[in-house]
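Novice: Could you put the whole structure together from the sequences, leaning on the hints where they help?
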Amino acid sequence: MAKSALLKSSIAKKVAMALSGLFLMLFLAQHFFINMTSVFSADTFNSISHFMGNNPLVQFVIQPILIVGVIFHFIMGFVLEYKNNSARPISYAKNNGAANSSWASRNMIISGSVVLAFLLVHFYDFWVPEMVYKYVDVSPLNETRYFHELAEKFESPIRTGLYSLSFLLLSLHLWHGFSSSFQSVGFNNKYSKSLKGFGYGFAIVIPFGFIFIALFHHFNH
Amino acid sequence: MAPCQSTFDFRLYDFQTKNMKLTLKIWRQKNAAAEGKIVEYPIDGIEPDMSFLEMLDILNDELIVKGEDTVAFDHDCREGICGMCSLYINGEAHGPDRLVTTCQLHMRKFKDGDTIFIEPFRAKAFPVIKDLVVDRGAFDRIQQSGGFVSVNTSGNTIDANTIPIPKHDADRAFDAATCIGCGACVASCKNSSAMLFVSAKVSQFALLPQGKVEAADRVMNMVAQMDAEGFGNCTNTGACEVECPKGISLENIARMNREYLSASLKG
Ligand code: HEM
Ligand code: SF4
Ligand code: FES
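So the protein sequences, as listed, match chains A and B.
The opening residue of the first sequence carries number 1 in my numbering; numbering runs sequentially from there.
The opening residue of the second sequence carries number 1 in my numbering; numbering runs sequentially from there.
Simulated from the structure, these hints should not be mistaken for laboratory data.
Note that the structure is a prediction, hence the values are computed from the model and not measured.
Possibly wrong hints are sitting among the right ones.
Said to hold, decoys possible - Result set (DSS-like, lysine-lysine): computed pairs, CA atoms no more than 30 Å apart in a straight line:
#1 B:Lys25 / A:Lys94
#2 A:Lys94 / B:Lys124
#3 A:Lys8 / B:Lys212
#4 A:Lys94 / A:Lys190
#5 A:Lys190 / B:Lys167
#6 B:Lys37 / B:Lys124
#7 B:Lys18 / B:Lys111
#8 B:Lys66 / B:Lys37
#9 B:Lys167 / A:Lys196
Said to hold, decoys possible - Restraint ranges, calculated between C-beta atoms of paired labels, are given here:
#10 B:Gln143 / A:Phe33: 32 to 40 Å
#11 B:Asp140 / A:Tyr82: 51 to 59 Å
#12 A:Ser86 / B:Thr70: 47 to 55 Å
#13 B:Lys124 / A:Ile110: 19 to 27 Å
#14 A:Met36 / B:Ala32: 58 to 66 Å
#15 B:Gln143 / A:Ala99: 53 to 61 Å
C-beta atoms are modelled at their ideal positions from N, C-alpha and C, and glycine is treated no differently.
Specialist: Encoded structure:
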């Protein structure tokens, strides 16, 4: 089959969406464990952050893949949303979506858009200063600055509140997205039920863990 | 005095003997090109044991007496096997009951005084022909693009029953084959996706030895036709599975995705 036809196919898009989602969830888990160390030990957090920030593999291979992955995921999200909406030009006068599906599954574009807004702020907050520090100003290496930078960001109650709100929506996104991504890549068998349970756990533990970390620093510093 | 106790829970049974008075809000549209709108029809004397379509028959009888245009709706077997009846009733395909078609839906599922919205199945790929009747020809074209097995009928055809098939596979193929092509999955899906229907049709062959021969072409062609007809994509909300009158499982969609991926990787 011609490659162009494959790229145009609905299933190929869906699988690509799922693979990027799965990749983002892996990244999220990894990010969570690193942030969690900040609760227990400023030193551990500093040294891991320093490693991640200065390891060439992380900086020049994994980081670009991640950025491309995020951009791909949300652009594809909007493309699919547009296509799916145009598949029903006249909507129902009465529709009872709650009778057959979860809110989270029907509103991935809403939860996703809030997460996108968060990501933009997050990039502006952490990533841009980090890049400026390292590659524009070429400031001296400082292996202990990370913890303070983190704690500082959570001083403002408004910022901490908005941060928590976005993770609430990320939780909803993953509540559906986790198991959905396995179904999309064709994984549906006797393990799917347990996997779904694990997905619900993931969708709660990781986002609420991030919220916990934010509140911890907000109230402790 | 000991209260009279009964272990019989009356709430579990639809004992309704009283005739019902209802308000119907029905989509009326003269033809494919005309603009449609919801029109309200009060109706009285509906018995709980009537089927939903019988209730519409009564409405149409009344409209004929009044000299008005009857409400067009699809139906044929009226016993849940042909897939012709449709209707989006109070926000759900085939109404609020589970695992039934509209012809199998009974008025006892509603209460006296209820307002019932009755709309056509909505999708760009299912254009309205008149009132509640939609053109589901897109499904036929998808079937024609690959929903078959090519069998040599030159006179030495092998009886299908001589080919041993694991019971597990035969059962799953049969489950998939119970899809009646009604389109409730499309109507229920927020994206108007036809994935449940197409996956049932792909699966019923892919699981059997006779179907394996053309499996790759079948899935590629049927998915290409599905996309060309303008159905939406799948978000795995699962609405289709809940509303499907035949209980077709989402497992079929996963199987179709696997079939599609392996077929496209083979090139
Ligand atoms: C850390 C961030 C994110 C993670 C971990 C994530 C994860 C996922 C996962 C696992 C899925 C399920 C894929 C599937 O159903 O096959 C998904 C779907 C989706 N995501 Fe995200 N996502 C993230 C950010 C975003 C953003 C920023 C958007 C922006 C719009 C977005 C929009 C969507 C949409 C619309 C879907 C549903 C696509 C469909 O119709 O099937 N996501 N996401
Ligand atoms: S999968 Fe179910 S809802 Fe869809 S066409 Fe077949 S029988 Fe109807
Ligand atoms: S009229 Fe045949 S299934 Fe309802």
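Novice: Checking against the hints above, which ones are violated?
Specialist: Violated: hints 4, 10, 11, 12, 15.
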